[in-house]
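Novice: So the chains spell out like this:
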Amino acid sequence: MDKITTDICIVGAGPVGLFAVFEAGLLKMRCHVVDALPAVGGQLSEIYPKKPIYDIPGFPEVLAGDLVKNLEQQIAPFHPTFTLGERVDDLEKLDDGSFIVRTVAGTEIACKVVVIAGGLGSFEPRKPAIEHLDKYEKNGVEYMVRDPEHFRDKRVVISGGGDSALDWTIFMAGLCKELTLVHRGTTFRGAPESAAKVLSMAEEGQINLILKSNVTEVHGEEKLEAVTVMVDNTTPHQIEVDNFIPLFGLVPKLGPIEDWGLELEKNAILVNTEDYSTNIPGIYAIGDINTYPGKLKLILCGFHEAALMAQSAYNIIYPDKKFVLKYTTVNGIQELQA
Amino acid sequence: MKDAINIYVEQDGGERIELEAPLDMNLSVMEVLKANEFPVQAVCGGMAICATCHVEVLQSGELPDMSDDEAYMLETLPHATDTSRLSCQLRVTPELDGLVVRIMPEA
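Just so you know, the protein sequences line up as chains G and B, in that order. Counted the way this note's numbering counts, the first sequence spans residues 6 to 343. Counted the way this note's numbering counts, the second sequence spans residues 13 to 119.
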């Protein structure tokens with residue numbers, strides 16, 4: 006288990022999280038950046054690296070991926086450290102006002118200030134609206150396949166029509182004792198070869214395929230024992246199962262941050278626009294994840310928020326020093342020691 | 013030529029709320045819904061990656077074709093119907109005049 010000590014822990018390595026390292030660095034504050042994704046850049050790297058952005062001041066046009074590269078170069082003198090591919094999970098506030106941020110993998114980051122720059126949040130499995138579904142989570146209901154071996158010789162119902170539903174159906178057909186795929190449509194829009202494979206497997210009796218149907222109920226005492234499939238949306242059909250795996254894609258959610266005691270509004274973190282602080286002293290939220298009257302979800306607004314956050318965070322990290330605004334044209338960039 | 017069209021949002025009770033959507037601002041139906049303070053999250057801002065602007069089209073003229081991204085996203089939703097669309101992918105054009113949608117709950 007890694008233990009890291011820093012001044013500021015930045016949650017989110019998107020453009021705003023990265024630029025926060027720069028603004029903090031100018032004021033000699035060290036940063037550690039955590040992101041659930043395995044690479045920096047957030048949405049810009051993950052979703053649209055080749056798309057041009059036109060509203061970054063001074064850049065008539067810049068590719069999202071290039072903006073990320075430039076930001077990495079810009080913050081390099083401040084030697085930020087990173088934990089990538091680990092989603093933050095838990096936050097602990099210590100008696101001295103400092104924090105411990107923990108990731109799902111158990112990495113601990115001790116810091117004086119936490120800056121949440123989480124953008125859309127983290128992508129979590131979309132859960133179908135089936136009553137009592139949560140009762141069987143980890144007791145038969147799984148929203149993703151982590152280890153297919155877990156389902157060996159089990160009776161499994163997969164529900165969904167996207168690529169992951171098709172891929173796992175194909176992969177697990179030989180593994181499970183009995184495998185049923187339930188899909189609400191009559192066709193699959195996923196990869197045509199996967200769809201053809203699933204249809205032929207159904208014809209050969211390797212899997213059960215129930216089209217135009219939805220799983221509507223889950224049953225069981227302690228653990229999941231059966232699901233009800235509404236066939237053609239009219240005829241209920243009960244199937245005895247060990248596992249039910251709804252695969253309905255991912256949806257951006259705040260995730261564990263939701264339980265940190267922060268004041269929220271419409272799934273975003275409410276901040277004070279004086280310094281983008283939250284209701285918890287020492288925790289700031291900048292970029293797309295925050296909200297305030299007049300909020301605009303623009304990268305350039307996130308950059309502005311990062312600058313104001315940094316001057317406020319300075320008062321927490323250096324309580325005895327007076328804040329003086331430094332211009333880079335006057336002072337240049339003073340590298341922090343690695 | 014008109015400078016705005018009307019879009020209707022059907023409520024649970026069947027009541028239809030009329031919205032005016034200007035044609036000169038290159039808006040999407042999602043943006044019109046948000047501007048009128050309907051509970052549409054549209055977390056991703058219009059990139060067809062979150063499906064938090066999912067609507068069911070109840071009445072319309074000819075709608076624009078679906079991109080692969082939109083079709084794929086709708087395919088993954090547990091409660092989409094045959095006339096489901098992502099409102100962020102519907103541009104406000106004269107062809108959309110009279111569109112009636114129902115805002116779908118989030119899964």
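Don't read these hints as lab results, they were simulated from the structure. Any given hint might turn out to be false.
Below, computed lysine to aspartate or glutamate pairings styled on EDC-like, alpha-carbon distance capped at 20 Å [to be verified]: (1) Lys98/G to Glu227/G; (2) Lys300/G to Glu49/B; (3) Lys258/G to Glu118/B; (4) Lys56/G to Asp80/B; (5) Lys217/G to Asp36/B; (6) Lys74/G to Glu340/G; (7) Lys46/B to Asp36/B; (8) Lys33/G to Asp280/G; (9) Lys140/G to Asp280/G; (10) Lys271/G to Glu82/B; (11) Lys117/G to Asp100/G; (12) Lys14/B to Asp24/B; (13) Lys8/G to Glu154/G; (14) Lys302/G to Glu340/G; (15) Lys182/G to Glu136/G; (16) Lys117/G to Glu97/G; (17) Lys159/G to Asp247/G; (18) Lys300/G to Asp60/G; (19) Lys56/G to Asp94/B; (20) Lys132/G to Asp36/B; (21) Lys55/G to Glu118/B; (22) Lys8/G to Glu136/G; (23) Lys117/G to Asp101/G; (24) Lys228/G to Glu208/G; (25) Lys302/G to Glu68/B; (26) Lys258/G to Asp101/G; (27) Lys217/G to Glu68/B; (28) Lys55/G to Asp94/B; (29) Lys33/G to Asp247/G; (30) Lys271/G to Asp80/B; (31) Lys302/G to Asp60/G; (32) Lys159/G to Glu227/G; (33) Lys46/B to Glu270/G; (34) Lys140/G to Glu268/G; (35) Lys56/G to Asp81/B.
Novice: Hint by hint, say whether it matches the structure.
Specialist: Each hint, compared with the structure:
no.: 1; hint: Lys98/G to Glu227/G; verdict: violated (36 Å)
no.: 2; hint: Lys300/G to Glu49/B; verdict: holds (15 Å)
no.: 3; hint: Lys258/G to Glu118/B; verdict: holds (12 Å)
no.: 4; hint: Lys56/G to Asp80/B; verdict: holds (17 Å)
no.: 5; hint: Lys217/G to Asp36/B; verdict: violated (41 Å)
no.: 6; hint: Lys74/G to Glu340/G; verdict: holds (19 Å)
no.: 7; hint: Lys46/B to Asp36/B; verdict: holds (17 Å)
no.: 8; hint: Lys33/G to Asp280/G; verdict: holds (18 Å)
no.: 9; hint: Lys140/G to Asp280/G; verdict: violated (42 Å)
no.: 10; hint: Lys271/G to Glu82/B; verdict: violated (24 Å)
no.: 11; hint: Lys117/G to Asp100/G; verdict: holds (12 Å)
no.: 12; hint: Lys14/B to Asp24/B; verdict: violated (30 Å)
no.: 13; hint: Lys8/G to Glu154/G; verdict: violated (33 Å)
no.: 14; hint: Lys302/G to Glu340/G; verdict: violated (31 Å)
no.: 15; hint: Lys182/G to Glu136/G; verdict: violated (27 Å)
no.: 16; hint: Lys117/G to Glu97/G; verdict: holds (11 Å)
no.: 17; hint: Lys159/G to Asp247/G; verdict: holds (6 Å)
no.: 18; hint: Lys300/G to Asp60/G; verdict: holds (16 Å)
no.: 19; hint: Lys56/G to Asp94/B; verdict: violated (31 Å)
no.: 20; hint: Lys132/G to Asp36/B; verdict: violated (38 Å)
no.: 21; hint: Lys55/G to Glu118/B; verdict: violated (30 Å)
no.: 22; hint: Lys8/G to Glu136/G; verdict: violated (41 Å)
no.: 23; hint: Lys117/G to Asp101/G; verdict: holds (9 Å)
no.: 24; hint: Lys228/G to Glu208/G; verdict: violated (31 Å)
no.: 25; hint: Lys302/G to Glu68/B; verdict: violated (26 Å)
no.: 26; hint: Lys258/G to Asp101/G; verdict: violated (31 Å)
no.: 27; hint: Lys217/G to Glu68/B; verdict: holds (18 Å)
no.: 28; hint: Lys55/G to Asp94/B; verdict: violated (32 Å)
no.: 29; hint: Lys33/G to Asp247/G; verdict: violated (56 Å)
no.: 30; hint: Lys271/G to Asp80/B; verdict: violated (29 Å)
no.: 31; hint: Lys302/G to Asp60/G; verdict: holds (12 Å)
no.: 32; hint: Lys159/G to Glu227/G; verdict: holds (17 Å)
no.: 33; hint: Lys46/B to Glu270/G; verdict: holds (15 Å)
no.: 34; hint: Lys140/G to Glu268/G; verdict: violated (28 Å)
no.: 35; hint: Lys56/G to Asp81/B; verdict: holds (15 Å)
Violated hints, in rising order: 1, 5, 9, 10, 12, 13, 14, 15, 19, 20, 21, 22, 24, 25, 26, 28, 29, 30 and 34; the structure is consistent with all others.
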